[in-house]
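Visitor: Sequence:
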Amino acid sequence: MWDWATAACQRVDKINREGKSDLLVSGYSWHDRSTYTAEKLEDFQEFAYGGGLGKRISDENNNQEFIYGMIFADSHNQPQLQVGYMHLWYWPIIGELSAGLGVSLQLISRQDVIGGVPFPAPLPIASVRYGKASLIGTFIPRLNGQLNNGNVAYVFGRYEFD
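1 is the number of the first residue of the sequence shown in the UniProt record's numbering; add one for each residue after it.
Just so you know, these hints were derived from the structure itself, not from any lab.
A hint or two may mislead.
Unchecked claim - Below are the SDA-like pairs computed for lysine to any residue, each with C-alpha atoms no more than 25 Å apart in a straight line: (1) 132 x 151; (2) 55 x 157; (3) 55 x 34; (4) 20 x 40; (5) 20 x 151; (6) 55 x 121; (7) 20 x 113; (8) 132 x 50; (9) 20 x 143; (10) 14 x 151; (11) 132 x 57; (12) 55 x 143; (13) 40 x 151; (14) 40 x 79; (15) 132 x 111; (16) 40 x 127; (17) 14 x 81; (18) 14 x 79; (19) 14 x 49; (20) 55 x 32; (21) 20 x 75; (22) 132 x 76; (23) 132 x 157; (24) 55 x 115; (25) 14 x 2; (26) 14 x 110; (27) 14 x 100; (28) 55 x 19; (29) 132 x 2; (30) 55 x 15; (31) 132 x 75; (32) 14 x 82.
Claimed, not checked - The calculated label-pair distances, taken between Cβ atoms and stated as ranges, are: (33) 14 x 101: 35 to 41 Å; (34) 23 x 148: 14 to 20 Å; (35) 101 x 40: 14 to 20 Å; (36) 12 x 44: 17 to 23 Å.
The beta carbon of each residue, even a glycine, is placed where N, CA and C say it ideally should be.
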């Protein structure tokens with residue numbers, strides 16, 4: 001019954017032991033203007049400064065799996081911590097330029113969401129990569145019909161050290 005958990009832990013261990021290092025630079029959180037009131041948007045800061053570190057492995061097709069940890073300023077200028085796993089499938093465009101799509105699963109801790117208790121968040125991801133530099137983005141959907149909740153695009157950069 002727990003074979004999937006054992007396999008997942010072994011995969012994360014392999015990435016940690018054999019992976020190459022990455023630097024993550026947090027970037028920007030865009031809030032859908034039709035989802036939030038003008039008053040709420042005035043309170044937000046969308047420059048999500050911060051950063052983190054990661055480890056990655058690549059397969060024979062240059063697709064990547066990586067684990068990471070980040071801390072950055074959330075929309076309320078409070079620390080957001082997250083650790084996670086991402087899997088990206090890349091397609092070459094021209095030269096060193098490629099585009100990728102993938103999935104992520106992370107644990108996120110925010111003070112405004114259940115008092116900072118970490119919660120899981122599976123999200124889609126997209127990436128544009130040139131050489132060792134990538135721009136990675138995700139979209140956090142609105143999970144309920146309430147105003148001032150969700151529909152946020154988040155973008156960060158990644159540099160592959162080795």
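Visitor: Give a verdict on every hint.
Guide: Going down the list of hints, with the structure as the test:
1. 132 x 151: Roughly 29 Å between the alpha carbons, so the hint for residue 132 and residue 151 is violated.
2. 55 x 157: 14 Å, holds
3. 55 x 34: 37 Å, violated
4. 20 x 40: It is violated: about 41 Å lies between the C-alpha atoms, which goes past 25 Å.
5. 20 x 151: 33 Å, violated
6. 55 x 121: The hint holds at about 20 Å.
7. 20 x 113: 33 Å, violated
8. 132 x 50: Distance of about 20 Å is within 25 Å: holds.
9. 20 x 143: Roughly 35 Å separates the two Cα atoms, so the pair is violated.
10. 14 x 151: Measuring from Cα to Cα gives roughly 34 Å; hence the hint is violated.
11. 132 x 57: Since the Cα atoms of residue 132 and residue 57 sit roughly 13 Å apart, the hinted pair holds (cutoff 25 Å).
12. 55 x 143: Between residue 55 and residue 143 the Cα gap is close to 31 Å, so the pair fails against 25 Å, i.e. violated.
13. 40 x 151: Since the Cα atoms of residue 40 and residue 151 sit roughly 14 Å apart, the hinted pair holds (cutoff 25 Å).
14. 40 x 79: Answer holds: residue 40 to residue 79 is near 19 Å, not above 25 Å.
15. 132 x 111: Violated. Residue 132 to residue 111 sits at ~34 Å, over the 25 Å cutoff.
16. 40 x 127: 29 Å, violated
17. 14 x 81: Cα-Cα ~23 Å, so holds.
18. 14 x 79: Distance of about 29 Å is beyond 25 Å: violated.
19. 14 x 49: Answer violated: residue 14 to residue 49 is near 30 Å, above 25 Å.
20. 55 x 32: 32 Å, violated
21. 20 x 75: 31 Å, violated
22. 132 x 76: 32 Å, violated
23. 132 x 157: Roughly 11 Å separates the two Cα atoms, so the pair holds.
24. 55 x 115: 29 Å, violated
25. 14 x 2: 19 Å, holds
26. 14 x 110: Cα-Cα ~29 Å, so violated.
27. 14 x 100: Answer holds: residue 14 to residue 100 is near 22 Å, not above 25 Å.
28. 55 x 19: 5 Å, holds
29. 132 x 2: 36 Å, violated
30. 55 x 15: Cα-Cα ~6 Å, so holds.
31. 132 x 75: 29 Å, violated
32. 14 x 82: Holds: residue 14 and residue 82 sit about 20 Å apart, inside 25 Å.
33. 14 x 101: 35 to 41 Å: Since residue 14 and residue 101 have Cβ atoms about 23 Å apart, the given range 35 to 41 Å is violated.
34. 23 x 148: 14 to 20 Å: 33 Å, violated
35. 101 x 40: 14 to 20 Å: 31 Å, violated
36. 12 x 44: 17 to 23 Å: 33 Å, violated
The earlier numbered hints that this structure contradicts are 1, 3, 4, 5, 7, 9, 10, 12, 15, 16, 18, 19, 20, 21, 22, 24, 26, 29, 31, 33, 34, 35 and 36.
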